[in-house]
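Peer 1: Respectively, the protein sequence lines represent chains A and B. The numbering used here puts the first sequence at residues 1 to 256. The numbering used here puts the second sequence at residues 1 to 328.
Heads up, some of the hints might be wrong.
To be verified - Derived DSS-like pairs: lysine-lysine, alpha-carbon spacing no greater than 27 angstroms straight-line:
(1) A:LYS250 <-> B:LYS91
(2) B:LYS266 <-> A:LYS248
(3) B:LYS68 <-> B:LYS191
(4) B:LYS91 <-> A:LYS248
(5) A:LYS248 <-> B:LYS294
(6) A:LYS243 <-> B:LYS294
(7) A:LYS193 <-> A:LYS183
(8) B:LYS228 <-> B:LYS191
Claimed, not checked - Pair by pair, the computed Cβ-Cβ distance ranges are:
(9) A:HIS52 <-> B:PRO175: 54 to 60 angstroms
(10) A:PRO225 <-> B:ASP2: 28 to 34 angstroms
(11) B:GLU83 <-> A:PHE163: 26 to 32 angstroms
(12) B:LYS222 <-> A:ASP150: 44 to 50 angstroms
(13) A:VAL30 <-> B:LYS191: 42 to 48 angstroms
(14) B:GLU177 <-> A:ASP150: 42 to 48 angstroms
(15) A:ARG154 <-> B:LYS327: 50 to 56 angstroms
(16) A:GLY23 <-> B:ASP2: 41 to 47 angstroms
(17) A:ALA22 <-> B:ALA326: 48 to 54 angstroms
Honestly, the hints are just simulated from the structure, not real lab data. Cβ coordinates follow ideal geometry from the N, Cα and C atoms, glycine included.
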Amino acid sequence: MKILVCMKQVPQKDAPLKLNEAGTWIREDVSYEVNEPDAFALEEALRQKEKHTGEVVVITAGPVRAMQVLREALAKGADRAIHLEGDAFVGLDAYNTARAIAAAVKDEKFDLIFTGLQSDDYGYAQTGVILAQILGLPHATIIMHIEKNDAGIRVKRELEAGFFQFVDMPSPAVLTIQSGINKLRYATLIGIKQAKNKPLRKVTLAEVQSAIGGNLQKIEKLYIPQKSKNTEFLEGPPAEVAKKLVEKLKNELRVI
Amino acid sequence: MDTVLVIVEQREGKLNRVSWETIAAGQAIAAQTGWTLEAAVVGSGVAAIASEVAAKKLAKVYDVESSKLEPYTPDAFVHALHEFLGKHPAKLVLMPHTYQVRDFVPKLATALETTAISDVIGVRYEGGKLLFTRQMFQGKFVADVSFAGSGPCFVTFQNGSFRADKVEAGTAPAPIETVNIEIPDSILRNKPQEVFKEAKQAVDLTQAEIIVSVGRGIKEQKNIDLAKQLADALGGELAASRPICDSGWLPMDRQIGSSGQTVAPKLYLALGISGAIQHIVGMKGSRSIVAINKDSEAPIFEIADFAIVGNLFDIVPPLIEEIKKAKA
Chain A
1 MKILVCMKQV PQKDAPLKLN EAGTWIREDV SYEVNEPDAF ALEEALRQKE
51 KHTGEVVVIT AGPVRAMQVL REALAKGADR AIHLEGDAFV GLDAYNTARA
101 IAAAVKDEKF DLIFTGLQSD DYGYAQTGVI LAQILGLPHA TIIMHIEKND
151 AGIRVKRELE AGFFQFVDMP SPAVLTIQSG INKLRYATLI GIKQAKNKPL
201 RKVTLAEVQS AIGGNLQKIE KLYIPQKSKN TEFLEGPPAE VAKKLVEKLK
251 NELRVI
Chain B
1 MDTVLVIVEQ REGKLNRVSW ETIAAGQAIA AQTGWTLEAA VVGSGVAAIA
51 SEVAAKKLAK VYDVESSKLE PYTPDAFVHA LHEFLGKHPA KLVLMPHTYQ
101 VRDFVPKLAT ALETTAISDV IGVRYEGGKL LFTRQMFQGK FVADVSFAGS
151 GPCFVTFQNG SFRADKVEAG TAPAPIETVN IEIPDSILRN KPQEVFKEAK
201 QAVDLTQAEI IVSVGRGIKE QKNIDLAKQL ADALGGELAA SRPICDSGWL
251 PMDRQIGSSG QTVAPKLYLA LGISGAIQHI VGMKGSRSIV AINKDSEAPI
301 FEIADFAIVG NLFDIVPPLI EEIKKAKA
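Make a model of the complete structure from these sequences and hints.
Peer 2: So this is what it looks like as structure tokens:
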């Protein structure tokens, strides 16, 4: 089974973020990590490969720093990596990102393509499904289980409010993976060592430029949300804060 | 005149009530722009839903029908809406940001070589331009997003962004037009099975008046007990954000958020929950929200009535003691 995993580097969950001067994006001097559902997508690809043999290829689009995501993936067991490298990739909308990825892998035939179900930065939740449409492949979203069978695959989709659904579909296919589908592994020392010798192909923006167009959606302004609530901050040492809160719970919220 | 079209969501012949919020959004946009507002119900045998929708203030309602639209598949929905929008062009197409819509809208927008602005929480019309507000970076920032193409522009709205009870009724029922779509079997690639629930839902958190909910800030499984003690002291239920249930520290049926339960208790006490969008949509309707988090910039504080910035392990033990004293 040959599987492509699309991964993205995003700011670390608890990293303090600051706006740039133009108010159009964040300042890039923060710590980054792999987008959480993408880590689960990689893990699922590695598990499928272990079960059925094959190859796991990882791809990311982003500046030089995004290479770290690929290195970690190779250290965990991915066989090779593709880096759409350039600062400009950060600003592409989901349609253009998907078109760039499609162009970068146009000569390859994958049985399955995985993405995380959404990214922690833009949160579009669209790139995987768009990629499926561009490649003419069937897709299923928010996947919690994958099983290969004679006809193709059977996947378990998560629906809202605790509901699920099995879907039978042919492969090749694109699946967007939900966090929690499996248990993540750590890279081993030997894996980290081997990663250095694994193939990594760089693709520049110029090489995929003809496949992409202008963004169809534009961020006019990025800003700190206006508070809709009057939040009262309770301050002081823990014992005092606890007293203050209990007073509020009792006299204002009347829940005690 | 330009048209705004609302795609009403139905599942197995039942209207998904979040669609009223989308119609309210459509009515607000139509009022500001002067554009015509229409709605479409897409499915198999959904005329009754079309009639229900036609009672609202809308210029027209379409009943888009094919037996192949039940059960839902992305291939059938995209085929039907692609064809429908070819005959009935719209400038804006609005839908709720549900798991079903997320499954087909990016495909539909791509098939039409256009885009979908997803998970929108507000709209403004400024200088002849529509600005859609959406959260970014897990709610730490919001962005005003404009549409740059020739259309149609698809927009999906986050649950709770508009009020369903604000939908205006029409003075007379809107005309309904039935549109039958041919969908060849050969294009349907996915074969969905029955929808099911994993396990019997042991806990109905929607009925709880007090909920103590834990997030990543609880750090280790053994610390869950501290939150349990707090919930017990308050006489409330224990709940969690998704990562806690993914780790198996609490069962899935105690999960709050888009993939778990949606609750609106008298008190929602969030311990070490940063407030990712998927969690917030499941609890922002709570009557009062208390948040304890060490990160002063955590998005949960945006919606909290009372906020404590600090280490929950320092604050919760004296809090339990104070509650016991107050109740004694």
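Peer 1: Each hint needs a verdict: does it hold in this structure or not?
Peer 2: Verification of the supplied hints:
1. A threshold of 27 angstroms between alpha carbons decides the hint, and for LYS250 of chain A with LYS91 of chain B the separation of about 52 angstroms lies outside it, so the pair is violated.
2. For the suggested pair LYS266 of chain B and LYS248 of chain A, the alpha carbons sit about 13 angstroms apart, so the restraint of at most 27 angstroms is met.
3. Distance check on the hinted pair: LYS68 of chain B and LYS191 of chain B sit about 12 angstroms apart at the alpha-carbon level, within 27 angstroms; holds.
4. A distance of roughly 49 angstroms separates the Cα atoms of LYS91 of chain B and LYS248 of chain A; the hinted pair therefore is violated under the 27 angstroms criterion.
5. Taking the CA atoms of LYS248 of chain A and LYS294 of chain B, the gap is near 20 angstroms; set against the 27 angstroms cutoff, the hint holds.
6. Restraint check: the Cα-Cα separation between LYS243 of chain A and LYS294 of chain B comes to about 19 angstroms, which is no more than 27 angstroms; the hinted pair holds.
7. Taking the CA atoms of LYS193 of chain A and LYS183 of chain A, the gap is near 23 angstroms; set against the 27 angstroms cutoff, the hint holds.
8. Among the hinted pairs, LYS228 of chain B with LYS191 of chain B is inconsistent with the structure: their alpha-carbon atoms are about 43 angstroms apart, more than 27 angstroms.
9. Our hint of 54 to 60 angstroms for HIS52 of chain A and PRO175 of chain B holds, since their Cβ atoms are close to 55 angstroms apart.
10. Between PRO225 of chain A and ASP2 of chain B, the C-beta spacing of about 30 angstroms keeps the proposed range 28 to 34 angstroms intact.
11. Evaluation of the 26 to 32 angstroms hint for GLU83 of chain B and PHE163 of chain A yields a pass: the beta carbon distance comes to about 29 angstroms.
12. The hinted window of 44 to 50 angstroms between LYS222 of chain B and ASP150 of chain A holds, with their beta carbons roughly 45 angstroms apart.
13. Judged by the Cβ atoms, the range 42 to 48 angstroms given for VAL30 of chain A and LYS191 of chain B holds: they are separated by roughly 44 angstroms.
14. At roughly 44 angstroms, the beta-carbon separation of GLU177 of chain B and ASP150 of chain A lies within the given 42 to 48 angstroms, and the hint holds.
15. Range check, ARG154 of chain A to LYS327 of chain B: Cβ separation about 52 angstroms, and the 50 to 56 angstroms hint holds.
16. A hinted range of 41 to 47 angstroms for the beta carbons of GLY23 of chain A and ASP2 of chain B is inconsistent with their spacing of about 30 angstroms.
17. Between ALA22 of chain A and ALA326 of chain B the beta carbons are some 51 angstroms apart, a value that agrees with the proposed interval 48 to 54 angstroms.
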